[in-house]
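**Student:** Listed below are the residues making up each chain.
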Amino acid sequence: MTILYDEGQQAIATESRRVLEARVDKDALLPLLEATGEYHRPFWDTAREQGWTALALPEAEGGLGLGLIELGLIAHQAGRSISGAPFLTSSFGASKAIELFGSTAQKARWLPGLASGEIIGAIAFAAGPDALPARPDVTFTGDRLEGTVRGVSAGLAADIAIVFANGPGMPVLALVELAGAQRAAVPSFDNSRLIADIGFSGVPAETLAVGSTARDAALRILALQAVVTAHEQTGGAEALMEIARDYALTRKAFGQPIGAFQSVKHRIAELYGLVELARANCIHAAAREGAADFITAAAAARLSATEAYDTAARDCIQIHGGIGVTWEIGLHLHMRRARSLAIEQGSSLFWEDVLVDQLAGEAA
Amino acid sequence: MSDLEAYRTTAAAWLASMAPSFGRAARKGLSEADDLALGRRYQKAKFAAGYAGINWPTEYGGQGLGHLEKVTFDAEEMKHGFPSFYFGISLGMPVPVLMQFGSDKDFVKERVLKALQGEEIWCQLFSEPSGGSDLAGLRTKAEPDGNGWKINGQKVWTSWAHYSDYGVIVVRTDPTVPKHKGLTYFWVDMKAPGVTVRPIKLAGGDSHVNEVFFDDVKITDDHRMSPVGGGFAVAIATLMIERYVATDSAGFGPHLDLFVDLAKDTQLNGRPAIKDGRIRQQIARNYAMRSGLDSINVRARLMMQAGMMPGPEGSLNKLVAVRSRQKLSELALDLQGSDGFLFDEHASQKEDWASSWINAPTGRIAGGSDETLLNTIAEKVLGLPQDHRPDKGIPFNQIPA
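Those protein sequences? They're chains P and G, same order as listed. Its first residue numbered 1, the first sequence is counted upward by one per residue in the working numbering. Its first residue numbered 1001, the second sequence is counted upward by one per residue in the working numbering.
Hints in this document: simulated from the structure, not taken from any laboratory. Please read all numbers here as calculations on a predicted model, not as lab measurements. There could be a bad hint or two in this list.
[Unchecked claim] Taking CB as the label site, the calculated pair distances span: (1) P/Gln262 - G/Pro1199: 42 to 50 Å; (2) P/Ala291 - G/Ala1016: 56 to 64 Å; (3) G/Pro1129 - P/Trp327: 36 to 44 Å.
[Said to hold, decoys possible] Pairs of lysine to any residue, SDA-like flavour, derived with a Cα cap of 25 Å: (4) G/Lys1327 - P/Thr250; (5) G/Lys1275 - P/Ala292; (6) G/Lys1392 - P/Leu249; (7) G/Lys1275 - G/Asp1339; (8) G/Lys1264 - P/Gly65; (9) P/Lys252 - P/His332; (10) P/Lys252 - G/Asn1375; (11) G/Lys1380 - P/Ile317; (12) G/Lys1380 - P/His320; (13) G/Lys1392 - P/Thr250; (14) G/Lys1327 - P/Asp315; (15) G/Lys1275 - P/Pro129; (16) G/Lys1327 - P/His266.
Backbone N, C-alpha and C fix where the C-beta goes; we use that ideal spot for every residue, glycine too.
All chains, please: the whole structure from these sequences, using the hints.
**Tutor:** Quick look at the structure:
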């Protein structure tokens, strides 16, 4: 069952939008594209100062005891403004892994720092196209990790990572401090995602879950993150739809605003449809956290949000014509982000399979 | 168990008890006349059991419950294939509008009670040969006649008019003012002298829509449901009800579960089609689309329940759902290959892929074409400019033909 936002939740949406619109602009984001290892510090400082890092963690662990619905609202606004760092999602994923599957000692060690934002977490599950590989490249033996995880978002800045590793005859969900790992920056089309290849040579790690539990746990973490990302994608798509609408109202050709031509106005109306479907799926998925159909709801949100953001990026630029492809106007910031978010936590190909497995009653 | 779940359980049990008499199996092989008669008995049974007019005021014979109970019941009811579609339009739009805008309350109450029990059926006389998407361009006219009015003209695509006792109608009462300002809203007796109903056979083989001709049909002024010249607003109010009454994320075609079952049961390239990536992608995409609409609709009902106005996103329902259903139905036939030729023109669009496919174009045109809906979203929701309209602001009778 989906929900209507209550007053407190609406206030979170309004306030986070106000703060982000005041502190983030494209002129600060454009230079980040041309540097590796850089992110927009004012964004992350804002997230910490506003308590967004603590939002979805339990009060006992230094969190605010709210959930996916509230974090989703923040992520939506972050998506509208193009968030300057990937940590809102990456640290949330690491925090949930520790909160749900960690020992008391592990929680006490890491959660307060993650809640304050002092510690940054990353999720390192994927091997290329496989968001949750049957046989991960990284091995876990004798409490040590060996091997390389490629293309980890937030990897250049994270203090800890949750790794899906190949243990002795079974998968392992492991928690590792990255101080002892080798990190190589991956030059990317969206460099503020801080993407790194992370190499482990005998780096000590601790287990969070083992065997089939590890796989279920990893999928659950991905789904939780996917719902946050889906909100972010929906926010980005919504912003692009509004930018396209505003441009179509002001730009004139053939003696009238281009928005008066059906080829343009229908294109924008179709974007509205994609944004609203994505938003509706996001609200539903966030409200299903912990329910039996959560994975299904998360997959649906992820698929519709990816479609909305990618399509909005394509069409918004198309509607702008030549000015749309310039560096300065910055629409490519959204286009780049639409793609990086589409890949993080598994592409549509992954989530389509997850969803159909759920619907067809097959093991995921 | 929540109140709503308790309601669902009770309703489901009652519906199951009705299934042998009125359900899918009981209807098999019936002529349309017999099926309608069965439908009337089913509607009466619903009324007696307290499942007619679930969210209507008790003073009109309704149950005074909320939208959530209504939707809950509808979802359960849909599982059994009852003959309820004869009353879908009647109880969906015209009768609620009559409750809202009818002036003679005793008359209204009598009509509503009969309609709720399936004894009388109402139709909605809006579209015309020259006024479909351009509703306000309609030409059927009502002229003053003594103390009342005289109607002449033609309506078209009127669902169930051939079985209807009454209809609500929008007509032109003043051709000398701009087109939206010269319309008035009435109810009419479909059995009155001068009303002729002629069924139209549609591409899929069925004939539930009609042409309706009005030749000097005389009505008294108490049939009027809007101020003279104020009919367009009531017509829009009718269509707004439609936006959330007529919602089905399956686009009035089969449930996605049926496609999943088909994909599991069909061998493609030596393995179940559910393993085929092309099929999986379509299942996933359709699921995501439908779950989004479901969420939009549930939120709309929660808002109505809370006394708020639902957001404009409800206008996406038909646009998104029906064209997806059209493509999915094509794919379902592809999946059946040479087994997909079999066609039963009496099959249900909700359960049969060929029936869903051949009737899908109707769904994309009726109740606002895709293009009209996109225009509405662009203009009313997003504030984009209107199309170039040469008829704007000039008297109706001076619009170039």
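**Student:** Are the hints correct? Go through all of them and say.
**Tutor:** Consistency of the hints with the structure:
1. At roughly 34 Å, the beta-carbon separation of P/Gln262 and G/Pro1199 lies outside the given 42 to 50 Å, and the hint is violated.
2. The hinted range of 56 to 64 Å is not satisfied by P/Ala291 and G/Ala1016, whose Cβ atoms lie roughly 27 Å apart.
3. At about 55 Å, the CB distance of G/Pro1129 to P/Trp327 disagrees with the hint of 36 to 44 Å.
4. Distance restraint check for G/Lys1327 and P/Thr250: the Cα-Cα separation of roughly 36 Å exceeds the 25 Å cut-off, and the hinted pair is therefore not satisfied.
5. Distance restraint check for G/Lys1275 and P/Ala292: the Cα-Cα separation of roughly 24 Å lies within the 25 Å cut-off, and the hinted pair is therefore satisfied.
6. For the suggested pair G/Lys1392 and P/Leu249, the alpha carbons sit about 20 Å apart, so the restraint of at most 25 Å is met.
7. For the given pair, G/Lys1275 sits about 20 Å from G/Asp1339 by alpha-carbon distance, which is consistent with the 25 Å threshold.
8. For the given pair, G/Lys1264 sits about 43 Å from P/Gly65 by alpha-carbon distance, which is inconsistent with the 25 Å threshold.
9. Proposed proximity of P/Lys252 and P/His332 is supported: the alpha carbons are some 23 Å apart, at most 25 Å.
10. A hinted pair counts as satisfied when its Cα atoms are at most 25 Å apart, and P/Lys252 with G/Asn1375 qualifies at roughly 19 Å.
11. For the proposed pair G/Lys1380 and P/Ile317, the alpha carbon gap of about 23 Å is at most 25 Å, so the pair holds.
12. At most 25 Å may separate the alpha-carbon atoms for a hinted pair to count; G/Lys1380 and P/His320 meet this at roughly 22 Å.
13. With a C-alpha separation of about 23 Å, the suggested pairing of G/Lys1392 with P/Thr250 holds against the 25 Å cut-off.
14. Our distance criterion of 25 Å between C-alpha atoms is met by G/Lys1327 and P/Asp315, whose separation comes to about 23 Å.
15. About 18 Å separates the Cα atoms of G/Lys1275 and P/Pro129, which keeps this hinted pair within 25 Å; it holds.
16. With a CA separation close to 20 Å, the supplied pair G/Lys1327 and P/His266 stays within the 25 Å bound.
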